[in-house]
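Put together the whole structure using the sequences plus the hints.
Just so you know, this note's numbering puts 1373 at position 71 of the sequence shown, and the rest follows in order with no gaps.
These are computed hints drawn from the structure, not numbers from a lab. Take the hints with a grain of salt, since some may be wrong.
As the list claims (entries may be wrong) - Subject to a maximum C-alpha distance of 20 Å in a straight line, what follows is the list of computed SDA-like cross-link-like pairs (lysine to any residue):
{"id": "1", "residue 1": "Lys1333", "residue 2": "Ser1555"}
{"id": "2", "residue 1": "Lys1423", "residue 2": "Pro1364"}
{"id": "3", "residue 1": "Lys1497", "residue 2": "Gly1454"}
{"id": "4", "residue 1": "Lys1588", "residue 2": "Arg1529"}
{"id": "5", "residue 1": "Lys1595", "residue 2": "Ala1584"}
{"id": "6", "residue 1": "Lys1314", "residue 2": "Gly1347"}
{"id": "7", "residue 1": "Lys1423", "residue 2": "Gly1385"}
{"id": "8", "residue 1": "Lys1497", "residue 2": "Arg1415"}
{"id": "9", "residue 1": "Lys1405", "residue 2": "Gly1454"}
{"id": "10", "residue 1": "Lys1405", "residue 2": "Asp1493"}
{"id": "11", "residue 1": "Lys1497", "residue 2": "His1399"}
{"id": "12", "residue 1": "Lys1497", "residue 2": "Glu1397"}
{"id": "13", "residue 1": "Lys1434", "residue 2": "Gly1385"}
{"id": "14", "residue 1": "Lys1452", "residue 2": "Asp1493"}
{"id": "15", "residue 1": "Lys1595", "residue 2": "Pro1364"}
{"id": "16", "residue 1": "Lys1333", "residue 2": "His1322"}
{"id": "17", "residue 1": "Lys1314", "residue 2": "Ala1575"}
{"id": "18", "residue 1": "Lys1314", "residue 2": "Phe1573"}
{"id": "19", "residue 1": "Lys1423", "residue 2": "Lys1405"}
{"id": "20", "residue 1": "Lys1452", "residue 2": "His1418"}
{"id": "21", "residue 1": "Lys1595", "residue 2": "His1418"}
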Amino acid sequence: GRLYGRGTCDMKGFDALALHAMQQALACDLKRPLQVALSFDEEIGCAGAPPLIEAMAESGLPRAAIAIIGEPSMMQCVTGQKGSAGFDVHVKGFEVHSSMMDKGVNAVMAASRLIHWANGKNNELRARAPSKVAANFDPPFTTLHVGTIKGGTAQNITAGDCRFGIDWRLVPDEDADRLDGEFRAIVAEVDAAAKAVAPSAGVRLRPFHDVPALVPEQNGAAEALVRGITGDNGIHVVSYGTEAGHFQNAGCSAVICGPGDIAQAHQADEFIAVEQFEAGGAFLAKVVESLTK
1303 GRLYGRGTCD
1313 MKGFDALALH
1323 AMQQALACDL
1333 KRPLQVALSF
1343 DEEIGCAGAP
1353 PLIEAMAESG
1363 LPRAAIAIIG
1373 EPSMMQCVTG
1383 QKGSAGFDVH
1393 VKGFEVHSSM
1403 MDKGVNAVMA
1413 ASRLIHWANG
1423 KNNELRARAP
1433 SKVAANFDPP
1443 FTTLHVGTIK
1453 GGTAQNITAG
1463 DCRFGIDWRL
1473 VPDEDADRLD
1483 GEFRAIVAEV
1493 DAAAKAVAPS
1503 AGVRLRPFHD
1513 VPALVPEQNG
1523 AAEALVRGIT
1533 GDNGIHVVSY
1543 GTEAGHFQNA
1553 GCSAVICGPG
1563 DIAQAHQADE
1573 FIAVEQFEAG
1583 GAFLAKVVES
1593 LTK
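Now the structure itself:
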């Protein structure tokens, strides 16, 4: 059977199971504490995770050693996840009649230089031999993506504005600072060229998310716990974003493991299979049991 409803798979099914596990834990003699962390705005760059983790650290609660992120993984033990970062880009042009375009700044054409850079960078990253860590991902390289663009008012006027969104999904061992620096360098070139024609023109960047990767751990405590319960010894990584990297960066050993299939997320008639829901419940019951020993 199936349980239908918005978010049942991603990931309110796990949330419900986690709260039930807390009820089970209250009836047990735990030797180690169990905490449930429910965040917000995960879909728009995991914006809720950093303040949540900070609040937990300041709360006086015991510091967590292990974090299990219950994103839908078909109850597989996922030990790696791509990171992501993105910008809203606003290119401000200078409008003139297109017959005099050398007197103006065409924001659409200026933006196309940045998009062309992204296409070239994709080709470069695709051609690079994947590292041992990257080889497990599909695709096995960092990708850059422009998903939205809007600009211009008329065909015979140099575009006064162009806005687009760009993001990249980084394999865990990618040099994120280097990629960020390369992008900002081409932005600076386009900005300077625009200002040389019209001082009011230029390029503005607004970061809209920065999600750290989940880096596979060597002999990680979270991985050992989850594999011991599930019996899953396969190598599993994902290219979508989760909050696992935030918890890992805060000092927790972290993995992703939860019920449901990510293919059902963000779909009409979203559902979680009852079999998966029950498997998730049984898994968390064993997590609780492990804390009594």
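Going through the hints against the structure:
Pair hint Lys1333 plus Ser1555 holds up; C-alpha atoms about 19 Å apart against a cutoff of 20 Å. Distance hint between Lys1423 and Pro1364 is unfulfilled; the C-alpha atoms sit about 44 Å from each other, more than 20 Å. The suggested pairing of Lys1497 with Gly1454 holds, with an alpha-carbon distance near 18 Å, which does not exceed 20 Å. Between the alpha carbons of Lys1588 and Arg1529 the distance comes to roughly 12 Å, so the proposed pair stays at or under 20 Å and holds.
Under the criterion of a C-alpha separation no larger than 20 Å, the hint pairing Lys1595 with Ala1584 is consistent with the structure, at around 18 Å. As the CA atoms of Lys1314 and Gly1347 are separated by approximately 18 Å, the hinted pair is consistent with the 20 Å bound. Restraint check for Lys1423 and Gly1385: satisfied, since their Cα atoms lie roughly 17 Å apart, inside the 20 Å limit. Between Lys1497 and Arg1415 the CA atoms are separated by roughly 15 Å; this keeps the pair inside 20 Å, and the hint holds.
For the given pair, Lys1405 sits about 16 Å from Gly1454 by alpha-carbon distance, which is consistent with the 20 Å threshold. At most 20 Å may separate the alpha-carbon atoms for a hinted pair to count; Lys1405 and Asp1493 meet this at roughly 16 Å. Proximity of Lys1497 to His1399 is assessed by CA-CA distance (about 18 Å); at most 20 Å being required, the pair is judged to hold. Between Lys1497 and Glu1397 the alpha-carbon distance is near 13 Å, which keeps this suggested pair within the 20 Å criterion.
For the hint linking Lys1434 to Gly1385, the alpha-carbon distance of about 17 Å falls within 20 Å, and the restraint holds. Using a Cα cut-off of 20 Å, the hinted pair Lys1452 and Asp1493 holds, with the two alpha carbons roughly 18 Å apart. Proposed proximity of Lys1595 and Pro1364 is supported: the alpha carbons are some 18 Å apart, at most 20 Å. The hinted pair formed by Lys1333 and His1322 meets the criterion: a straight-line CA distance of about 19 Å does not exceed 20 Å.
A C-alpha spacing of about 13 Å is found between Lys1314 and Ala1575, which places the hinted pair at or below 20 Å, so the restraint holds. Restraint check for Lys1314 and Phe1573: satisfied, since their Cα atoms lie roughly 11 Å apart, inside the 20 Å limit. For a cut-off of 20 Å, the pair hint linking Lys1423 to Lys1405 is broken: about 31 Å separates their Cα positions. With a CA separation close to 16 Å, the supplied pair Lys1452 and His1418 stays within the 20 Å bound.
For a cut-off of 20 Å, the pair hint linking Lys1595 to His1418 is broken: about 57 Å separates their Cα positions.
Hint compliance for this structure: hints 2, 19 and 21 are not met, and every other hint is.
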